[in-house]
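With the hints as your guide, set chain B onto chain A.
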Amino acid sequence: MDDEEDDELPAFSWPTRPEDQPPIIPVPNVEITPEWAWGGSTGKGVRVCIVDSGIEADHPMVGGMVRGGILVEKGPEGPIVREEPHDDLFGHATACAGIIHSLAPEAELYSARVLGQNLKGGGDALIAGVRWAIDQGMNIINLSLSTRKQEHVRALHDLADEAYFQNTVIVSSANNTPVYSYPWLFASVISVASHAEHDPFTFYYNPDPPVEFTAPGVDLELAWAGKSTAVGTGNSYATPHIAGIVALILGKHPELTPFQIKSVLYYTAKNVRQAQSRRIG
Amino acid sequence: MTEDLQQELESARATVATQAVQIHRLQSELESRGAAGALRGVLELSDVVSATVGQTPYRALLAGIVEAARRIFDARAASVSILDEETNELVFEASTDGDAVLNRRFPAHQGISGWVVMTGEPIAVSDVMRDPRFAKDFAKSTGYVPKSILAVPLIVSEDVIGVLSVLDKASAASFGLDDMDLLGLFARPAAIGVEQARMVSTIGRLLIQELESAAEGRGNEPLADAARGALADGNDAIDGTLELARLVQRIGRRGDRSRRLAIEVLTSIARNAS
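Protein chains in written order, with the numbering used here: chain A, 482 to 762; chain B, 183 to 456.
Excised from the complex, chain A in its bound form:
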């Protein structure tokens, strides 16, 4: 980091003396189970931004929950963000939205379309979309995309950390091919790959990171562009399963931070819960 950037950092502070310590934070004396984590939740009050190919807002499987969105377009000096309704160029974002809506029917959906003509899927547009979602204070960003471009790693990494510290949970797809891509490789996001089961609430903790969780991603019935449906396979569709479950958790426990959310996912993962029940507090 150069000096110029150092100058822009805010002053950090933390209490050092016993009398200055923050008050005790109460922790519920409960077992962290799916019932505790999201039982009864509909995701109400939670805002989820899908940064992707643009949600088709009037697709029946999205349930009319799209509350807003932006288009990222190519401008003379980098990407331009325009707030306006749009359709889905491929079907992919609508598929993700449909999955989240099926799990968290009252979660509000926002669409950042970062693919399109002349954008070439560039990392610039992806970064602009994530930037917008963070600025809007979204609770969750679903990123079933990644970029391979090394030039974007630093900017994306900073954004992922910024999201983490402002309590925006980024749920990010592992690439379907064995390559380095970002941001799913960052520790500040929740990274997701596929398993072949179909129960939408079945997810596993992967003790062998960087992929941290696996969720359903094989032969799923998906919402697709043109008010159609399709059957699809890929980590892209596993990711919104976790995003949907996080929406449910945050609907019920809005105070949880990203690292606590990741811990709750860990405790409620099928392989962890069945191995040994855990009690906190």
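Partner residues aside, some chain B positions facing chain A, computed with beta carbon under 10 Å:
1) Trp297
2) Ile305
3) Ser308
4) Arg370
Here are a few chain B residues that face chain A, going by a calculated C-beta distance under 7 Å:
5) Gly302
6) Ala306
7) Val310
8) Glu340
Pair by pair, the computed Cβ-Cβ distance ranges are:
9) Thr523/A x Arg287/B: 44 to 50 Å
10) Asp360/B x Tyr661/A: 20 to 26 Å
11) Asp360/B x Gly545/A: 33 to 39 Å
12) Glu271/B x Pro659/A: 25 to 31 Å
Think of the hints as simulated: they come from the structure by calculation, not from any bench. Each residue gets a CB set at the ideal place from its N, CA and C atoms; glycine is no exception.
For chain B alone, coordinates are given in the frame of chain A:
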């Protein structure tokens, strides 16, 4: 098919070896006879390059790739489309369905292949016929609408250079994660092969263009005319000037490694020519 391809590649290798000898000979000639003779030699060599290791091995390689992919994945058809960065279009350059679809172009920001180009991610979908755009895209590009499709990027360094697709798995309703993994692995060496074959083909073309400008620069009009003629002729060795221009531009955008290689070749010729 595979044997044909093997033969093509062996013949290409033999030609490359011959060229190395020819280049050495030309360099010796240059020292003894001066630039004009060398330039004439370069012209001859360029013709040989274009005619023998230019188009044919590239096409043969692509044909081999799609045929192998079709068989490995038990698919009805397979195809390769290559990204034309200038127009942001995908161009069909090989298909197991025959030559009818070759050179067809479609926008690289739409449809299943568009998704692959833009994201660099593979995609496996089936039963998407109800999306009218999907059907239209496919009817236009492949001549029929598949029930299931698996498409993966052809990646060189960080760039997507094209898309490899397999359509309609015969033994199952859709392509699964294993298919995706396998086609992804298959696509990696395929992409490198495509890029190398294309580069060899491009170098042949670059030689002629460089010859033209070198001849012009030295006021050697007859030679420049000859080179221009070779470029404009539509002679079999060179697939049209537009294609040439496109390839030259493409190599310029291919990334540092390719650019450096191209510059090396051109610089060495330019040095010899002057």
